[in-house]
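Residue numbers (this note's numbering): 694 to 1273.
Here are the simulated BS3-like pairs of lysine-lysine, each with C-alpha atoms no more than 30 Å apart in a straight line:
(1) Lys1044 <-> Lys887
(2) Lys1126 <-> Lys939
(3) Lys791 <-> Lys1231
(4) Lys764 <-> Lys791
Source of the hints: derived by calculation from the structure; they are not laboratory data.
Here the structure is a predicted model, which means the values were calculated and not measured.
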Amino acid sequence: MKLTNFSFLFLVLMIFFSCELELSHKENSTSEPNGSSPPLIDNKALKISPPSSKSPYSTPVEKIDFSGEEKLINLAGLNNHSVYLVKVNKGSARVPHKNSGDVLNAATLEEYPAGTWRNTVSVTSAPLPFDENAPVSGIYTGSSGETIIRYDFNPGLNSDLNMRSAARNTSVAPPNYQVSDTRGFWTQDATGRKFTMIPATLRATRDHCNIWVADTNYSDGDKKDNTITASDAKELAEKFDIIYEKETAVFGYEYGGGPDSSAPHGGVDGDPKVQIFVYDIFGDFFKGQNGGVFGYFWPGDEQEITNSNKAEIFYIDAHFTSLSPAGMYSTLAHEFQHMIHYNQKFMTKGKNSGIWYNEMLSMLAEDLIDPFIGIEATKDGHPIENRIPRFLDKYFADPTVWSSGSDVYTSYAAAYALGAYLVRNFGGVGLVKRIMFNDEIDIASIDEALNSDVNPRKDEINSLSAALSRYGEALLFNQPEEGDASVSRPSGVLSFNNTVKTDEYEFTGFDLFSVKKESSLTSREKSTGPVIWDLSGKHTLESRSVLLLSSSGWQGVTGDISIKLAKPADPNVELYIIVR
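Can you build the whole structure from these sequences, using the hints too?
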């Protein structure tokens, strides 16, 4: 799909609270020295599909503990089961194939059907040059059925902690804006270096927000391209009021928000309402535009610096508000978490969160809040629909490393999927609250939350490292926990298909094998579920990653097989045999 031709400099994401770029430390291809690319098992040709009704195997998940350099695993009594080798790298460095363990007798088990195998790209999540023809995650359907690609823009701010003092001028009375009031807003270009003042008019207001619309992007009559109407503004305000109540109850408040009437109540501008400015972000609109930035939050607006709007404010795009309402409503929840996060972690605790951690929480906000504004799980606009397709192709990327260029969408997908897995297995809303309100950030924050009483599996899994050990089984077992015990989902096995309810909140379980991989969305073969890699390939393991491997001889097996495994040379690598 041809992407739009406006500047893609904004795709180089910046740390929210730092002007320095955070680039992935991974610089090389994962191909082995011979340059060969590992073959991919074609799901359709090998019939890798959701499990049929059958009894679970007696030992569905087995961690391989080595007493020597090799170990023989005997699987007896298989009845149309499929077998997988799962490699888990719990370390912070890449592990080459030669150090990650291997199947020593794989050649005797594999039967390669003619035409089954095809080459694919190397396993990698390294930063790549932007490819305007590359598929991207964050795909929405427009109101007229067109495909829309959502980009994300994260302008940074100098991380000097002395800047945590707010820009509030307490001598100025809080504003009392009324519909039809006017003011100007500073806006920035994609580089973050050039600012332009844009005149705007207040078009809607409710309990928790003011909706400002750039005068050039407002239509007083029939809706026109790149404009919104008073009715659109009213709908945005109504949706955000719902979002505000539901999101603050879980994630906390923006700077100056909440019921506390003491300073700095009302935040930087003294207004307890959040300002939302609708305009043509980057001025990139053209007829037929199907890709661009939906919205952003800039921490500089809460500081006494040049070009600051000195308000709790975030920005959304006029064109995509009109073209993809569901996508924009979800964006409201996403950007609001960034605003809350800035207060909870930076302003309050002086912590400078990594992008992956901040973005994971914004996508979990979408996940949790979207149903309250009419965007059910697996529907357009929801992150299950818009992030998981790429994850299925790229689940082996390190979710804690933020890439640049077109590969940034892999980072979004990997970070969201990690969060989705954690909340659906280790505490739901309680886990989110703990992560948001503890004194840590990044991996340390997740570790602290998993080691707290909000995690019902604390005794067995009390850190991100331990949770990653169980990631492989969650990728392969797709039946809901409350499903028929006679099929495929043994008791105690983890999965994305757990629905976790707390009071009125719900993280809805979902079946990875019902979601089409992104690589298949434009092809005739609509394959689902995570990519399974061939045992014979030379696969480098990314840091903090999981890799699923199998062979044609391991699919639909009835009878007995024996597997001889070589011990990984790297102590951070664990091997699991999973029978599904």
